[in-house]
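**Q** Sequence:
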Amino acid sequence: MGSELGKTVDTKPQVRLNGLGIFWLTFGIAWTLILLGGIAFLWIRRNMPILRIRGLPLSIGAVLLMHVYWFCVTTGYVYGPVMPEVTEYWIMGLWLPFGVALFHASNSRFLYVANAQKKFSKQSTEPYRIYTRRPGRLSLRESIKMWWIQLDYSNKTLIVVSVGMAFQAFMTIFIYLISRKFHSDYGIPGTEVTGTPMEIAVQQGRGWEWWPTCFWQLGWAWIVAPIILFRSRKIADTQGWRFQTIACCIAGLPAAPMWLIALYVPAMAPVNNYFIPPSWIAVSIMFLEIFTIFVPIYEVVKQRNLTSETLESIARWESRQRLGATKGVKSLNSDISGTTWNSRNSRATSIGTSSGGSILTMDALEHTLDKNPEPLQEFSALKDFSGENVAFLLRVRDWRAAHFAVAKKEIGEEEKNTPIIAITRECFEGALHIYLDFISATNAEFQLNLASGDFAKLKHTFEEAAQAVCAATVASDPATPFANETPRLASEILNYTGEIPFEFNEHVFDDAELSIKYLVLTNTWPKYIRQRRSFDASSVDTV
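When you line the sequence shown up against my numbering, it's residues -1 to 541, in that order.
Please note that a few of the clues may not be correct.
Here are the simulated SDA-like cross-link-like pairs (lysine to any residue), alpha carbons at most 20 Å apart as the crow flies [what the hints assert, rightly or not]:
id: 1; residue 1: K232; residue 2: Q529
id: 2; residue 1: K232; residue 2: K455
id: 3; residue 1: K117; residue 2: R395
id: 4; residue 1: K117; residue 2: L367
id: 5; residue 1: K154; residue 2: F172
id: 6; residue 1: K10; residue 2: G193
id: 7; residue 1: K120; residue 2: E372
id: 8; residue 1: K455; residue 2: Q465
id: 9; residue 1: K300; residue 2: I37
id: 10; residue 1: K232; residue 2: E376
id: 11; residue 1: K143; residue 2: N153
id: 12; residue 1: K116; residue 2: Q529
id: 13; residue 1: K232; residue 2: I248
These are calculated hints, taken from the structure and not from any lab test.
Use the sequences and the hints to build the structure in full.
**A** This is the structure we're talking about:
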């Protein structure tokens, strides 16, 4: 049998800087630099929609925690003979379990997003959250329930993991105190070990004292991960997130079993001389790092290529329009970047094929949003996980239709639109709920990816009213109400009673709407058309 650091009774207590030791040091440093480069690449681009939805801070934090353990284990062959086994006990009992728990919790974010996006798959003119009057007095249980339901997913995850880790820390400390294997002065009689210093070190590297960390790893890898695998089996997304989640779940399965085999199977002793037992966990961690960091990098590069192709197609189309002297067509500047337009009023922007033909136009997108938005809305929510964008466009359209009439007067052969402005309190409340559902940094579950200027304008207009409503209310999601909640009376729903901001008008969402339309045009729309073509082609082949 082996020990945690690969020691045997014949191991000499000295650092091993032979050829194999130098290899492990070089490999550990090289992979660390590569991983940090990948993390930096993602962090610089963390505001891209494809990365924002993944919750990078949580997953990167988990990867960094596990990588510290990975580096210690990878280089453990070098310093293992001189490192006290009790140090490895604390690392395996506290540091690694926290990293593993945090990682699997962040890995489950895929299921949370897929489930939460479902509310955007159906068209609705009602707010996604209902704000009702806060009761005068709340019991402790009700207060905790309301506090919990208003936390975002990342904070809930951290709290659950922290509670689990508190129990794990208690068990680790308790076992350390009662076992005389690590100290001979106190503990349960019969748990002590005797022999030479190296024999004691070998015995300290295995035994029942390591069971809690073993159960913790097996619980996450063989209970939580399979549940995630099962629930992810029918979710098909366009961002490679399902593949990443499933791959991470599978990569974590063999870690703990192989670690136990290396510790307790005598035939593994020759392998342990060069590949210490926890290195099997390190191999699993390395695959987790690859899938968590480098799969998103691949998706980012693919998304950037798609955007570049889109903009190049726009430029080619504009060039053809100029050559053809097409009258009345406004141009979209080809130097577009981020979420802003240099030509905000473009109405005929198109994406062309390599042969030069026009396929996708802004008019086509707007026609779809106006006449048949359901398929696009369902695709964006269930496959692209960007349902908030299409839902926002539809809510703004319905808000305008409900509160602003347009009278048309004929002047000769031309028509002129004359807005009849009717700023009512109901109109402002409708706009306020749009702000709370999609734009507010504190209330929107999936915040729109707006340019800072557009966000600042809307925040200046609505934030004071939003705070006034939220400070005196309790927000609940109609899709997941309290199990024991009674039906809300109309008088209980709290409305804004303050002054309507002077800058509020029917054009308040115009800039944000155009930015989101551009985002849909260059991201979701090409994927949607591609999927429809694939579906149509497969249907034809079937027929």
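**Q** Checked against the structure, which of the hints given earlier come out wrong?
**A** Hint check: 2 and 5 fail, others pass.
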